[in-house]
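Colleague: Chains as they are written, first to last, in the numbering used here: chain A, 1 to 339; chain B, 1 to 339; chain C, 1 to 339; chain D, 1 to 339.
One or more of the hints may lead you astray.
Note that identical chains are pooled: a pair holds if it fits in a single copy or bridges any two copies.
With a straight-line cut-off of 30 angstroms between C-alpha atoms, the simulated DSS-like cross-links for lysine-lysine are [what the hints assert, rightly or not]:
id, residue 1, residue 2
1, K85, K120
2, K75, K263
3, K150, K14
4, K197, K75
Simulated from the structure, these hints should not be mistaken for laboratory data.
Protein chains: 4
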Amino acid sequence: MIIVMKAGADSQDKEAVLKRIMELGYTPHVISGTTRDVIGAVGDERGKLVLQSLESLHGVESVVPILQPYKLASKEVKPTRDIVKISENVEIGGDKVIVMAGPCSVESEEQIIETAVAVKAAGAHILRGGAFKPRTSPYSFQGLEEEGLKLLAKAREITGLPVVTEVINIETADLVADYSDILQIGARNSQNFALLKKVGQLRKPVLLKRGMAMTIQELLMSAEYILAEGNQSVILCERGIRTFETATRNTLDLSAVPVLQSKTHLPVVVDPSHGTGNHHYVAPMSCAAVACGADGLIIEVHPDPEHATSDGPQSLKPSTFAKMMEQLKKIAEVSGRTV
Amino acid sequence: MIIVMKAGADSQDKEAVLKRIMELGYTPHVISGTTRDVIGAVGDERGKLVLQSLESLHGVESVVPILQPYKLASKEVKPTRDIVKISENVEIGGDKVIVMAGPCSVESEEQIIETAVAVKAAGAHILRGGAFKPRTSPYSFQGLEEEGLKLLAKAREITGLPVVTEVINIETADLVADYSDILQIGARNSQNFALLKKVGQLRKPVLLKRGMAMTIQELLMSAEYILAEGNQSVILCERGIRTFETATRNTLDLSAVPVLQSKTHLPVVVDPSHGTGNHHYVAPMSCAAVACGADGLIIEVHPDPEHATSDGPQSLKPSTFAKMMEQLKKIAEVSGRTV
Amino acid sequence: MIIVMKAGADSQDKEAVLKRIMELGYTPHVISGTTRDVIGAVGDERGKLVLQSLESLHGVESVVPILQPYKLASKEVKPTRDIVKISENVEIGGDKVIVMAGPCSVESEEQIIETAVAVKAAGAHILRGGAFKPRTSPYSFQGLEEEGLKLLAKAREITGLPVVTEVINIETADLVADYSDILQIGARNSQNFALLKKVGQLRKPVLLKRGMAMTIQELLMSAEYILAEGNQSVILCERGIRTFETATRNTLDLSAVPVLQSKTHLPVVVDPSHGTGNHHYVAPMSCAAVACGADGLIIEVHPDPEHATSDGPQSLKPSTFAKMMEQLKKIAEVSGRTV
Amino acid sequence: MIIVMKAGADSQDKEAVLKRIMELGYTPHVISGTTRDVIGAVGDERGKLVLQSLESLHGVESVVPILQPYKLASKEVKPTRDIVKISENVEIGGDKVIVMAGPCSVESEEQIIETAVAVKAAGAHILRGGAFKPRTSPYSFQGLEEEGLKLLAKAREITGLPVVTEVINIETADLVADYSDILQIGARNSQNFALLKKVGQLRKPVLLKRGMAMTIQELLMSAEYILAEGNQSVILCERGIRTFETATRNTLDLSAVPVLQSKTHLPVVVDPSHGTGNHHYVAPMSCAAVACGADGLIIEVHPDPEHATSDGPQSLKPSTFAKMMEQLKKIAEVSGRTV
């Protein structure tokens, strides 16, 4: 931490700050500037948030954090990139770009099996599908719940595709973990710390979506909650942030891919379906995601989008998805990867 | 809903849309424009979200919602403003501006009692204090939990002030409801729909904070979740949204007060402590909140901000709080209200 | 500036940074931390932006500015608040809250005279009205131009109210200065640095509006451009920033009032008409602005809003404006001020 | 336009709206809903902005625009994509991805020639470089001005590369047009309508950058200003928007590429240097831009970034740029294009 004193602070103010820094167990170093003093506080990084309270002291202008507040998620602690094992044949974070595909919601046995078979045929590696749905409106379809989980398991049995589905609360987390291969934490729960701790205690990989107003640093802090509970299999997901632009449902922040890869060892996947909210833009943004180094994609595919119970406008038809997969393979190859 | 057809859509496209609108139980009305057709879908409002799926049809350019998606929270359903009863003597939504004050976190018996006595003496009506703390970092102080609830109850016993404290998950919701007079839903849980349903089933007033990336419409949708479960005592809280500006912790959106009052019957309070993140700005923004019609305020007060375990920089000292209360009384009077 | 070295930086990296800091004329101070070094660069503040280039050096993680980049606009340079003289009887920045009112656009002699007379009767101190209009669409009404300036001058003659109107380019700046008492720089030109320099050379007070995506620090940097040219009469104007919220036209950032007053000696006024975009919200937000300490207001008033050529939905009728003025007077009184 | 009446509006309110719609020259069509009426206004699209004033009428809840407010920029008017000719050999908008590269500022003859030769050798098609620099701080380097233009012309003579440079005001626009092959309008001038009209009257291609708070629709409206003056050679540039995220200088909105290509015939290029503000992220985001269909890139390259007078941290060294060009060629090939 760097404590910036006000231009008019006197020596008594400075003494009070030095004293408080030492009380908190840090070593202060004063830099006397031309108009004011700046004080560095040196010591173990992790507890440094308490230093923020120095802002309340007289004569202090601001307290500037120097280090990242996360540790386990940091590349400084573990410089090599993680490979998260999902099933016998599927892992995320290696040279293979992993594609998760399927409907927003599981709606019926026919729908999920038909989709699973189609996305597998097109080359997808993991089946996605929502059984518990967090919906903005209480009057929207809330998912088939356990029945949906069973249908996902059935689709896995038929196709061999591992399954990713969302966990929306602690009560049903174990249930979801019984059926699913990856536990998804949705954007609206990305700072539901109680839920993060819960999935940190389970022994299934977690797909952690970035919240709509979440900085990259906060995403890593949420990952830190899961890692700190002992679950080392965390996959981060960029899915668009909320901005003033309304031409797309969210603003897909693809720069987050190289930024995250420079800061963390965790794999990073991209969700262009929620990121754009419009099926026309899913293929180009999927290509872009692979081109900038994403470890995978999660894509909404529905056999009959205009009859979907949720997110129809952003779902690809299986034929469009298959065509897109061909293009993704070529782009991956260009950087020595496969899909 | 208004369905806007593309300029080049042909009659077959239009027929498909009309057919689908009728299948969904609505009555279509076509307006033939100079360059394209526009189709209105008339019918019961609540289920209309399914009409959004028409965007996937060929020849459709966009689907524009006309009506608000909330119902129970709407002023159209109940035009008179709610008065939410908190205790024998305290109610929110009437002519009296209600002030909730206290520390961010309950830290010790001495701290919470001292603060409660001080804020009561200054004229506060409700004691705030966190027992379960949702913190961005897993390494930050997470609250005294049940011990904190007991200390809040003790402070209530001594001062007679009702208590508001945060509920962070379903597991501990009943416990919090046993001790607290108002259940606070924090900004990070404002779209934790499972938790919203849970507090909707409890019979305690709920203080629902706006999420950092939440529109006013979405805040009302979250309130709708609570109302739909049968709990009619919901108080909305503007606490700042996330924008590009970093001079304040959040951007306090005070316009939300008159906007909400034009759309809903629910009372609206303001949290200038989180809204600005800086104790220097709390008093002016509290005055502004009362001046634009807020039904109440929730303010962080700490006897010793520089030693606070959380949110020290935004906490008022009791003496500053008392001074501010004097000013608030005068501003309330000007519009025929009291504090 | 604080230069943060990477955890793995070696002594050669550090030497290169120290050497470059000295080359640039600053004195480096090293703080050796537990995991990395942090280097302070001490010296004259103003040119420090060049230090940012150190980010390109090997082994440097980030460069953190410590000081504000503005000087003339800063309270550190001039701690007492400015009073900007507009005319014989009107000044902005003192104990009197100044209200500027009038139509978005000057449309006709009848319209501007009628409005001027009405707002004067209600207690306004300055007449506003656009002659040159910057419009998002090339097909919108672009203003009466010089004819509009003449009508404003005529309205001033009749009512005695000084006039504020917008300058949209360098070519017409002198012309506008001939007619107007205050030169308004609109939000879209707030970083048109060539125009800022031009009005800095004129000897008329400048009303500088905050841009839609402008931080408070950048607003002060734009003011610095005007001050640096020798024009010391600058009035800042908060008029709403662009956020994800669409219930209002912009998000009025009222906290900017106390924030600016803590950082600069320049007066601060508020524009709730553009800030909210809706006449229903203008009165409550005007009250809030005065309550949090604004030095003035700028309000759109139109005798016949539904026939206005621009911004009708956010314009007050004269009768509503008069009623609002009564309320503003009471709120100003409460803090020992007048309107 | 769709005019939504309030639930409680009476027939008198409705009549007034119908009357006003007809006065304005449109034909009203009423849709009677279950709780309220909705009125469509049919007629020529361009002037429809005046209909917005209906929001001021009694009984009107909101006015919802249905059509895009731009015309000349729209794909509906011209469905085939533009190819903008820059020089004998260079055109933007065809199957060849065009790369513009060079320093942020022209600093010296040696610097610009060295850079021009290097980027040409690496395969760049156009030389970029700033002679007039709009800088946030009045104390930052403001460019070599005409001297810089002459050096750019010299670099063109030597390398044969056409030149793009920024126009910052009307006064110097003709001068810049004398030297430059493309006139760049910077983000801060993207709604400086006087300047847009000026470059619309010149006969040189214009590179129009998106403003930091500019929606895609507003970008097209700014293009419309140029097109409406008769200049048909407009190239749009996505360069990042301002959001809450601070890990990058701006948030590069790559989705804008397919969105723009679905709405307009104008070519779209991407500026990943300003979009990310960090040279580490320029190569991955350039690859992503090409993968999602961008017609070109504009990249900052500097022979000695740590001594650059501006934007050093986001500039590539020539060697890194050359390596990146190799990768871009492969990605372009995958979709049947070249670089």
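Colleague: Give me the numbers of the hints this structure contradicts, sorted from smallest to largest.
Modeller: Hint 3 is the one this structure does not satisfy, whereas the remaining hints hold.
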